[in-house]
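Engineer: Chain Y is fixed; fit chain S onto it per the hints.
Going line by line, the protein sequences match chains Y and S. As numbered in this note's numbering, residues 1 to 623 make up the first sequence, in order. As numbered in this note's numbering, residues 1 to 378 make up the second sequence, in order.
Among these hints, one or two may not hold up.
[Claimed, not checked] Chain S side only, calculated, beta carbon under 7 Å to chain Y, not exhaustive:
1. Ser54
2. Lys55
3. Ile287
[What the hints assert, rightly or not] Taking lysine to any residue pairs in the SDA-like style, the calculated list, with each CA pair at most 20 Å apart, reads:
4. Y:Lys517 with Y:Lys493
5. S:Lys266 with Y:Asp234
6. Y:Lys507 with Y:Arg518
7. S:Lys266 with Y:Thr94
8. S:Lys266 with Y:Glu61
9. S:Lys266 with Y:Met236
10. S:Lys266 with Y:Val225
11. S:Lys266 with Y:Ala128
12. S:Lys266 with Y:Ala235
13. Y:Lys493 with Y:Val55
14. Y:Lys442 with Y:Arg428
15. S:Lys266 with Y:Ser56
16. S:Lys266 with S:Thr29
17. S:Lys266 with Y:Ile67
18. S:Lys266 with Y:Ala107
19. Y:Lys129 with S:Leu241
20. S:Lys266 with Y:Trp568
21. Y:Lys309 with Y:Met182
22. S:Lys220 with S:Leu241
23. Y:Lys129 with S:Leu238
24. Y:Lys321 with Y:Trp568
25. S:Lys266 with Y:Val55
[Said to hold, decoys possible] Sample of chain S residues with no beta-carbon within 10 Å of chain Y, all distances over it, derived:
26. Arg16
27. Ala37
28. Leu101
29. Gly203
30. Gly248
31. Val331
Don't read these hints as lab results, they were simulated from the structure. Quick caveat, the model's predicted, so the values are computed rather than measured. Beta carbons: idealized from backbone N, C-alpha and C, even for Gly.
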Amino acid sequence: MMLSRGSASAGPALPELTRRLRAAIFVIAGALLLLVGRLWQLQVMRGDSYYQRTVSNVVKERFLPSIRGRIVDRKGVSLADNRPAFNLYVTPATYPVVAPELRRLLALTDEDADKIQDRVNAGAKHSAKSPVLALEDIGHDKAIVIQQAVQHLPGIEIKEEAYRYYPQGDLAAHVIGYMTQMTADELEHSAGQGYDTSELVGRYGIEAMFENYLRGKKGKERFAVDAQGRRIDDAMAAELIQGDRVTDPVAGFDVMLTIDSRLQKVAEKALAPYAAGAVAVIDVKTGRILALVSKPSFDPNTMTGHVTKAELDLLNRDPRKPFIDKSLRATYPPGSTFKFVTTFAALEDGQASEDEKITCKGYYQPTNQDCDAEHGTLDLLGAIQKSCNVYFWNLAQRIGLDRLSDVAQEYGLGRPTGLGLNGDAAGRVPTRAWYEKRPGGKYMFGYAINAATGQGDVEVTVLQMAMAYTAIANGGTLYFPQIVERVLDGDGKTVIDYQPRVAAIMKTPPEIVDVWKRGLYKVVNELGGTANPYATSSVVTIAGKTGTAEVKSKTRRERIEERTMEGWHPTNAHAWFAGFAPYEDPEIAIVVFVEHGGSGGKVAGPIAKQIVEAYFTKIKESK
Amino acid sequence: MKGLIDLPRASIGVSRWRRFRATIDWPLTITVALITAIGLLNLYSATQGTPHASKFNSQVGWVVVGVVGFAIATIVDYRAMLRVAWIGLGVVVVLLVVVQLLGRSALANGSTRWIKLGAFRLQPTELAKLAVIMVLARLLTPTDPGAYRWSNLAVPGVLLLVPVGLVAVQPDLGSAILLVLVILSVGYLAMPDIWPMVHVTLGGMLAIPVVWETMHDYQKQRVFAFLDPAADPTGSGLQILQSIFAVGSGKLVGKGFMQGTQTHFKYLPEHWTDFPFSVWAEEWGFIGSIVLVILYAFLLLWILNVALRSRDRAGAIICVGVAAMTFWHVVVNIMMVLGLAPVVGVTLPFISYGGSSLVTFFVAMGLVASVSLRKHGY
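Chain Y with its partners taken away, still in its complex shape:
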């Protein structure tokens, strides 16, 4: 114990202190050791993590958007592109309240001003120092006005950002598709793939199917900010950032379609007078799709990120269902265009011959069904030409349902075409087993009779029929349909070159196919044919088969609801035309389908003719 005295003579000046010195030093040492212990804990034990924390305080990351690839037609015409959009960003911390000046500069309505205020408020709660998107796509003129006044408007900035843009409007909308914001679920799924919350993703058509090619790779920028969120670019910032400041974004690939936009335009125009329908035009030597139309359509410019609830409701309420791709997603009874199946099956089995004559009295005795007319005595070609059901019902009676089903499936019906776009449907080719498996199901003779003329439970897609007629036209090669010709990089160099893919070689002997082809020639080009003179062309010899597919009657309520659509009666038959041209050396196959359009020859025939003629007069030469 350290003793202390005030002087030699007297005791210590403050004896209490001397007595309690030990306790005092104990308290001081204890308190200071507590501080030292805490310093040890913070600086030595946890120092590294706090160090990281201070770095992440300062160093922020920002994605640099990549430019999305374009979608172009086979000639390079742009179908989906990017345009600059001017977006207004507000930093809530520096610009918390929408002032009258901003309202005046932007000529805002009260409603818009409130909307901006809401977004700013929402942003302030989340992270007040980062700019929020307050107003989208304000246009070039307003952007300039703001840009000039930006000194008086701290916290306001205009950013030029690339927006998806579809220069051709609703042309080939179902093929191209559109983009929308990601849902919360999708965001979770794609975590780590560099998607932002506000980002648009391909949602339909090629935009969705080729998302991974179109999207490109986002770049990244690392930068230092101070506590106020201001960017600091000095030596200390550079040291903290370490490594590359900027990783450049990689632009997405361009996707070149097999579609010819001019032919597509012609096809859409030809279909324009009708409320709903679909067209497929195929290059018979490759299986490439030259035009693919689905009507009614939508404008992808509206759909992409800008569609309002009201617009969407209107589209969703449309009984014609604009979002269902009628060329490959919706299925329909094919009507008489299906008779090639009956013909091939009967001829292959030797159950029929070209010369056999059957007399049509206007009805078919065994099932008591009416034919379209009393055709009299016809041979096979005549029956094809005049589309006599009685003739084919007789053939069906001989060969049975399962044989029909076999041939139909050989030609690709009853299963998806494999295009992979917009959920292409399988359709249905019923078999005996299928009927028996249905609840309380029992096979009946009439099913085969119905199937023989593409009625009953047979359902196909327009594209399936187009591929089948392609195989007929090209001498027996069933292709997988192809809609993307190649994927190109930013310099126009081919990255992926998609080659035609053969699905199967048909077993039908050429002379049998030839019978059908000659029948199709007569349909269009000889007096009495169902498409004569509707599809008869002086430019090129068209061969084809019409179909007028009866529709199962609907309930009264459905009828009333759907009849509001002008020129589109849900009880009307579907109009089909399926064929190819030129007859002598086929180059293209075409299927025209008009939903509830009525007579195949009168309605679908002229449409097909317009499209085929345009192809051979305008489009083919400029290849």
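Structural biologist: Relative to chain Y, chain S alone:
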């Protein structure tokens, strides 16, 4: 004679230079000089290249004022000052009331602590600490146990609480708590009988709920933020968190002089007044922090050493008071910076920016030097 630390005594017949040298308490002076130097260095680093760069120059000016104050406090006999201790306390109370009245007219930042004197802003709170210490020295001078009856101490005790109350309603809770801690510390170390202090302490603890009820919302907020900094990472909690990040990120040897990123990128608000220690700890690491803590520890022990060797009771009590004031400032401030105490606005002696605090501590050390100088009875 023996103290905690003994130095060679001056004796008659040596040169003027050696006599001058002997009048100066070198360990005290050098320690204070070192800590002040660290404070200036730290302030330079924290403000250089920012709009606050002029603070360094003004702080240098205050150091000069402080040194003059130190010299005057050393030269003037503390026993003379003791005679006017009560008057001094009276002046402080008047100043505190003036501040309160001024504050009514112009409310700024929720509290008023300043009196403008031309270019200077005087903080009477700091003066109150010195006045209270001097009054305590006078009160506890008698050695006769009879002088320590409740009846004798009640009136002066209440009078001592007047400045405490005035400081608390400013509101400056930190300084009020600090005054209470100084009074208690001196009481514990200088009262002949320790039991009255124990009673007062226990009574004070019972009063805490009452104090809590009268506290302002922002003060309560700071306490909550201290208890759970992460719960409110935007306000007071952010300050504590960022301070902890800054200290921790210094690691063993620090980021280096003027290399503190927390300071540089302004993540530490008001770091020159209440949080200079985090700047120091960030730039000089654990080693630098320990050096500073050791300097303070030595300073405290040396002041106690002077107390032990004082020639009279009053001088010893002054030293105890100054030691207590320094100790609580250091401990509360650093605990605050390290997230061990709520942010209450207590300065770090000789390091925090601000003239009032700096000059007060220089004068306080001058009083200790004065006691040290007169230990042999000139």
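Engineer: Now look at each hint and say whether the structure bears it out.
Structural biologist: Hints, one by one, checked against the model:
Against a cut-off of 7 Å between C-beta atoms, the interface hint on serine 54 of chain S is violated, since the closest Cβ of chain Y lies about 20 Å away. Taking 7 Å as the C-beta contact cut-off toward chain Y, the hint placing lysine 55 of chain S at the interface is violated, the least distance being around 18 Å. Against a cut-off of 7 Å between C-beta atoms, the interface hint on isoleucine 287 of chain S is violated, since the closest Cβ of chain Y lies about 9 Å away. For the hint linking lysine 517 of chain Y to lysine 493 of chain Y, the alpha-carbon distance of about 41 Å lies beyond 20 Å, and the restraint is violated.
This hinted pair checks out: lysine 266 of chain S and aspartate 234 of chain Y have alpha carbons roughly 14 Å apart, not beyond 20 Å. Restraint check: the Cα-Cα separation between lysine 507 of chain Y and arginine 518 of chain Y comes to about 19 Å, which is no more than 20 Å; the hinted pair holds. For the given pair, lysine 266 of chain S sits about 17 Å from threonine 94 of chain Y by alpha-carbon distance, which is consistent with the 20 Å threshold. Note on lysine 266 of chain S and glutamate 61 of chain Y: the hinted pairing holds, with a Cα-Cα distance of about 19 Å set against a maximum of 20 Å.
The hinted pair formed by lysine 266 of chain S and methionine 236 of chain Y meets the criterion: a straight-line CA distance of about 13 Å does not exceed 20 Å. For the hint linking lysine 266 of chain S to valine 225 of chain Y, the alpha-carbon distance of about 10 Å falls within 20 Å, and the restraint holds. The straight-line distance between the Cα atoms of lysine 266 of chain S and alanine 128 of chain Y is roughly 17 Å, inside the 20 Å bound, and the hint therefore holds. Annotation: proposed proximity of lysine 266 of chain S to alanine 235 of chain Y holds, straight-line Cα distance about 16 Å (limit 20 Å).
With a C-alpha separation of about 42 Å, the suggested pairing of lysine 493 of chain Y with valine 55 of chain Y is violated against the 20 Å cut-off. Using a Cα cut-off of 20 Å, the hinted pair lysine 442 of chain Y and arginine 428 of chain Y holds, with the two alpha carbons roughly 18 Å apart. Using a Cα cut-off of 20 Å, the hinted pair lysine 266 of chain S and serine 56 of chain Y holds, with the two alpha carbons roughly 14 Å apart. Between lysine 266 of chain S and threonine 29 of chain S, the direct Cα distance comes to roughly 34 Å. Violation of the 20 Å bound is thereby established for this hinted pair.
Of the pairs offered as hints, the one joining lysine 266 of chain S and isoleucine 67 of chain Y is violated, with about 36 Å between alpha carbons and a cut-off of 20 Å exceeded. As the CA atoms of lysine 266 of chain S and alanine 107 of chain Y are separated by approximately 38 Å, the hinted pair breaks the 20 Å bound. Proposed proximity of lysine 129 of chain Y and leucine 241 of chain S is supported: the alpha carbons are some 19 Å apart, at most 20 Å. For a cut-off of 20 Å, the pair hint linking lysine 266 of chain S to tryptophan 568 of chain Y is broken: about 70 Å separates their Cα positions.
Distance check on the hinted pair: lysine 309 of chain Y and methionine 182 of chain Y sit about 16 Å apart at the alpha-carbon level, within 20 Å; holds. A hinted pair counts as satisfied when its Cα atoms are at most 20 Å apart, and lysine 220 of chain S with leucine 241 of chain S qualifies at roughly 18 Å. A C-alpha spacing of about 15 Å is found between lysine 129 of chain Y and leucine 238 of chain S, which places the hinted pair at or below 20 Å, so the restraint holds. Taking the CA atoms of lysine 321 of chain Y and tryptophan 568 of chain Y, the gap is about 13 Å. The hint holds against a cut of 20 Å.
Simply put, lysine 266 of chain S and valine 55 of chain Y have alpha-carbon atoms about 13 Å apart, close enough for the 20 Å limit, and the pair holds. No beta-carbon of chain Y comes within 10 Å of the beta-carbon of arginine 16 of chain S; the shortest separation is about 26 Å. Alanine 37 of chain S, annotated as away from the interface, keeps every beta carbon of chain Y farther than 10 Å; the closest lies near 21 Å. With a cut of 10 Å on Cβ distances, leucine 101 of chain S stays outside the contact zone with chain Y, its closest approach being about 35 Å.
Interface exclusion of glycine 203 of chain S from chain Y stands, the closest Cβ pair being 21 Å apart, more than 10 Å. For glycine 248 of chain S, the non-interface assignment is contradicted: its Cβ lies about 3 Å from the closest Cβ of chain Y, within the 10 Å cut-off. Non-interface call for valine 331 of chain S relative to chain Y: violated, since the shortest CB-CB distance, roughly 5 Å, does not exceed 10 Å.
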